[in-house]
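The task is simple: from the sequences and hints, build the whole structure.
Here my numbering is used: the first residue of the first sequence is 1, the next is one more, and so on.
By construction, these hints were calculated from the structure, which means they are not laboratory data.
Beta carbons: idealized from backbone N, C-alpha and C, even for Gly.
Each hint can be trusted.
Here are the in silico distance ranges between beta carbons for each label pair: (1) 72 / 126: 30 to 38 angstroms; (2) 15 / 126: 20 to 28 angstroms; (3) 13 / 112: 15 to 23 angstroms; (4) 73 / 130: 30 to 38 angstroms.
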Amino acid sequence: MSDDAVQPSRGDFRFGRRFRMRGAAAFDLAYAARARRREGPLLVYGRPNRDLVDAGETRLGLSVSRRCGNSVTRHRVKRLIREAFRTTRSELPKGYDLLVVVHPHAPLRLEDYRRLLRRAAEALDRQWNSTPDCDRTSPIDPPNSARGEVSPQSD
RNA sequence: UCCGUUGGACAGGCGACCGCGUCCGGGUUCACCCGGCCGAGGAAAGUCCGAACACGACAGGACACGGUGGUGGGCAACACCCACCGGCCUCGCGCAGGCCAGGGACAGUGCCACAGAAAACAGACCGCCUCCGCCUCCGGGCGGCGGCAAGGGUGAAAAGGUGCGGUAAGAGCGCACCGCCCGACCGGUGACGGUCGGGGCACGGCAAACCCCACCGCGUGCAAGCGCAAGCAGCCUCGCCCGUCCGGCCUCGCCGGCGGGCCCCCGCGGUCCGCGGGGCAAGGGCGGGUCGCGUGCUGGAGGCCGUCGGCGACGGCGGCCCGAGAGAAAUGGUCGCCACGGCCCUCAAGGGCCGAACAGGAUUCGGCUUACGUCCAACCGCGUGG
1 MSDDAVQPSR GDFRFGRRFR MRGAAAFDLA YAARARRREG PLLVYGRPNR DLVDAGETRL
61 GLSVSRRCGN SVTRHRVKRL IREAFRTTRS ELPKGYDLLV VVHPHAPLRL EDYRRLLRRA
121 AEALDRQWNS TPDCDRTSPI DPPNSARGEV SPQSD
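Structure (structure tokens):
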């Protein structure tokens, strides 16, 4: 408890449920938004999540297919990316659902995942801000009560 | 000695910081915070067997399909385990070690390549032999009617094997021993073994070919299933029945319209054999079934120790212990030190670098199989090297 004074940044590295994408609906919406960025072996889908979450925190979702290796390898990659997200979260743009689809590769170092994740998130942030005409960005929208009509736009 | 086989143990340890999941206690009861406990494996794997559990189905018989296959035991059960029997193989030959899906080949069908004369109610190529005829250089040769299956040769396999007798030559033709078949007796729970007697021997192999026999077996699997709240869906009227409705007719009924109903229970499996009974007015057709939450969900054929019984698998009794229950799915990251292995530098003390396998729960157990690092013990008679 004396540590609290020494480490005021303690809470910045937590990784509770609040920072994870949950439920099939969040994943489907992230795919449907079609905003993505490839960084090395990572394919990152990004989508503002204000309609789903009040707090405006950035959340992480992971998809590691069987092609990436056996169960141990897949868990290894997931844990590394999760750790990278945990330690870089304060530097990422806020209010996005980031869905990371992992392509087959040999596991990288933690530092590399942090760099890839940060670059992808920043690129996606620029992408959403440069298209204000599209109503799917929708910071303006009132909280959508009808959740099915989040993306009424045409492709 | 190495590899190997069998059995056993471990699956790096400690500390600091940043994090994660269930549960418990508290806090403005929770997508949060604080504290605490616990938090992957020997294979968690492949999903190949066996069960528990759940739902659905199930009278009986026949058929079909699948599985098992020496005997006895263990087990909840098994295709697993133990012991034994039998067969085959190996040696340094001992009650040694290793291997074996190890029922049936006079129920039927099928196959047996190549080689070989002949390969399954089997055969005569080279051969062997009596007799007859001819020839002769007197050793024999050629031809013919027959007899034979010993020897050669082929093959994975060729009308039991060896020896003696026997014969023109031969042949279980006869005899002895071994083998085989049949029978009796004895021993064993049994597979089977032993002894005695008889038979001259007729009966090839393959059933992980179809098949036959005996025994066993319903199907689907926790995304099983159960519950809750929300949402929602029933419709048609060719057929059948009812009507205190309407109309018509040659009037105890029939026809047309309208309205309503068309289900439940018991005995019946995938197909067939046969549908039957009750309630009783009848009892046709078409469609729809999504998502969320809770539960199932972990204490069990559970582990460890001791003791007793048993050759053993295992069982009885006593004591102690509680060790994951997620749901986009936790057990991770960074650093330091100490251990282990390898390499390099150095005379040395020491220092530096690298490595640490196979692999992670998802209903739970019992097995099998496969993957794999280190250490210990025993065996070394199979295989490799010295």
